[in-house]
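Now for the letters of each chain:
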Amino acid sequence: MNAKTADKVATGVIIFFAVLIVAILGGLLGYILVRGLSHISWDFLTSPSQNFKAGGGIGPQLFNSLFLLVLTMIITVPIGLGGGIYMSEYAKDNKLTGFIRLVVEVLSSFPSIVVGLFGLLLFVNTFGLGYSLLSGAIALAIFNLPLMVRITEQSFRAVPREQKEAGLALGLSKWKIITSILLPVALPSLITGTILAAGRVFGEAAALLFTSGMTTPPLDFGDWNPLHPRSPINPLRSAETLAVHIWKVNSEARIPDAKEVSAGASAVLVIMVLIFNLIARWFGRFVYRRITASKRMD
Amino acid sequence: MQTSTQPRFGTEELSVFYGTHEAVKKINMEFPEKSVTALIGPSGCGKSTFLRSLNRMNDEIASARVTGRIWMDGEDLNDRDTDAVTLRQKIGMVWQRPNPFYKSIYENIAFGPRYHGTRSKKKLDEIVEQSLRRAALWDEVKDRLKESALSLSGGQQQRLCIARALSVSPQILLLDEPASALDPVSTGKVEELVIELKKELRIVIVTHNMQQAARVSDYTAYFYLGNLVEHDDTTRLFSNPANQMTQEYIMGRFG
Amino acid sequence: MENNKGSAGGFARHRREDLIGKTYTYICVLLLIIVITAIVYFVASKGLATFITDGVSPVEFLFGTHWNPVGDNASFGALPFIAGSFIVSLLAALIAGPLSICAALFMTEIVPGKGKRILQPVIELLSGIPSVVYGFIGLTVLVPFISALTGGDSIGYGVAAGALVLSVMILPTITSIAADALASLPRGLREASYALGATRWQTIYRVILPTLAPSLWTGIILGIARAFGEALAVQMVIGNAPFIPKSLLTSASTLTSVITLNMTNTSTGSVQNNVLWSMALMLLFMTFVFIIVVRLLQRRNKL
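Protein chains in written order, with the working numbering: chain A, 1 to 298; chain B, 1 to 255; chain C, 1 to 303.
Dumping the calculated PhoX-like pairs for lysine-lysine here, alpha-carbon to alpha-carbon at most 25 angstroms:
#1 B/Lys90 to A/Lys176
#2 C/Lys22 to A/Lys176
#3 A/Lys8 to C/Lys114
#4 A/Lys174 to B/Lys90
Since the hints were made in silico from the structure, they are not lab data.
The model shown is predicted, which means the values in this text are computed figures rather than measured ones.
Next comes chain A alone, as it looks inside the complex:
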């Protein structure tokens, strides 16, 4: 085979594989949406799930996923922000910084199930939080922290250095520069990254099996007192999320319509991930335009 032929064959193979990957994604999305959308109805999205008979919904699971996401982000964002700001603004180029960087790298490489086990051991058992939203949120926060640190560091590093110098020359404190000069500039990419990270949290299940648990107590959506056991926002109640539910109905539960419920729930999950992606892109562009364009701003 001469060089020209080899070149053509190789190019063909590369293009074939690229097309194959697009086809795989198309197939996955198509399959989930086609199979799942037919099962999605208002009733499916709002009614409670069944343990033994068909016709159950995913209402509590959907609520749990969203509420757990909120709790997780409340823990993750402030800590991740602080860690990322340290890495980009305070860390000196020395061994300690190298060590912290390694810590972040290791933490981000831990399998999520190990983080879940750690949560089981420390929060569920030792601290006595039990299978609860709070245990789950802490585990997910640990799982998500390294990403948040990295997003923050990158967003702050992308701010032109001249911005910081301008602040220094005005006699501002370093912290004032970080919060009032750098943060607004870093915000678009910070928000985009955070939304994408949130999407990842939303679909996570392995870290939750042993922390937020695989069951949900009967909920009373009229009771919003966080101290009541049936209240949806009681942080100490157990909470099965959408992703955990999909795993459970396929592995352990005995419902006749497991495949349909899974397909519907998967479709909801995938649609949520798509929405997170779209919002992240759209928002990043929106903020960027707002800052640079000659619109009014206060």
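Starting from the structure of chain A, add chains B and C where the hints point.
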């Protein structure tokens, strides 16, 4: 406590090291009041590094070390006990590339004074107008103060940065090649501004442009390899330099 | 003349602000360090209890092929699961590696610009799909498909299904690292090769790929690491039999799948439970191994 050897504002034996490399070598210079001093010299000669050390900007570079003294009214600014953040309020700085904050035109100016304690809206409005007028930008932007500073042209942005520096009433203004990224018309405006502003404060300007140094400055200092080669009255330095190296540099740049 | 050392209000204020900022960010970093120390400490202490308290032989755990955790003659050979984890992860990388590198080449070499605009979002979406969804699709599409392929000889669950599902899941990891590496290559390198009359494939094969080998291996190792730690998707399709797989079509288990299935079915403190923690410790250990390998590769890259 002022003695005869201390300049009112100037440096004594000021050196800047990057690691072990001495980028600026024992500079003794005085910057007289209400005057413009131009720092000239080939790239890498240490003039910008020297300028940046005058308001302790080199504090922010981990590998940089500044020795010697910077005198300002009998106080050594390079003293470890002197608070860099406070002194920078008195020494404004403008860079080569315009770097307005990603905020509105108004906010760019009002930000500094508000941080330093001016709360009244009326007073802030006054400072904004005054600073923009002094930077010869008021007429161009008075109707669009709420717009983003990034919507301004490059020349306007640079004058906004000068106005921002003026907003906290500095006594000294450090300009690091303030016009080198601008078109000729904007450059002319910035130069006029420098001549206007020296009526009120000391200005130190780094420039690669000999004509500019000749036009705007009262004194000129020629730097080479971290040394201060010659420092004299601008007219004298350009017409009759004492040092051979200065002459060759000026001739080469004018030619 | 206001003194710069003086007692002016601004002095105390900016010092105070910087103190707040430093304290806050230092605490956050400290938390990260505490968390990682706690994870390693707790998992290690539980995981080692199997050998120290319960007297299970580490040799048996690592090399024993017999898994029978209950009863008088209990044996705790975890080799089937260790082997299962390695086999599916390596197979997944074997499939995803070439595919990912081709995808990266497509983006940067074959159709620069446009290729990236098409494939980049595809890769991002693939990495965004939750692992249980991959598991579910594997369960409902791949498993019956494999079963049908074998004419019903196999039930479809097994190593092949696990490896295929994992390969799609790690595709984005490898692709994005490979694409970044390709994009960082200086233009001159390609042009020099073309100037010598080399075809595009010769350039890719002889110049680009060898130059980027450490980065590409980094991507592949990180892909393997991700596959190794993935739990639910694999568990759903691998069949969960406690034996070393004899062929691609036999049912098997991985460390993660065993932990997933048994953690809540065993009582805390029992040897049956502790041995699961030993497997978790094994997962942690492998995480460190993967990171060390990646660091070594990066060091080679700098030379």
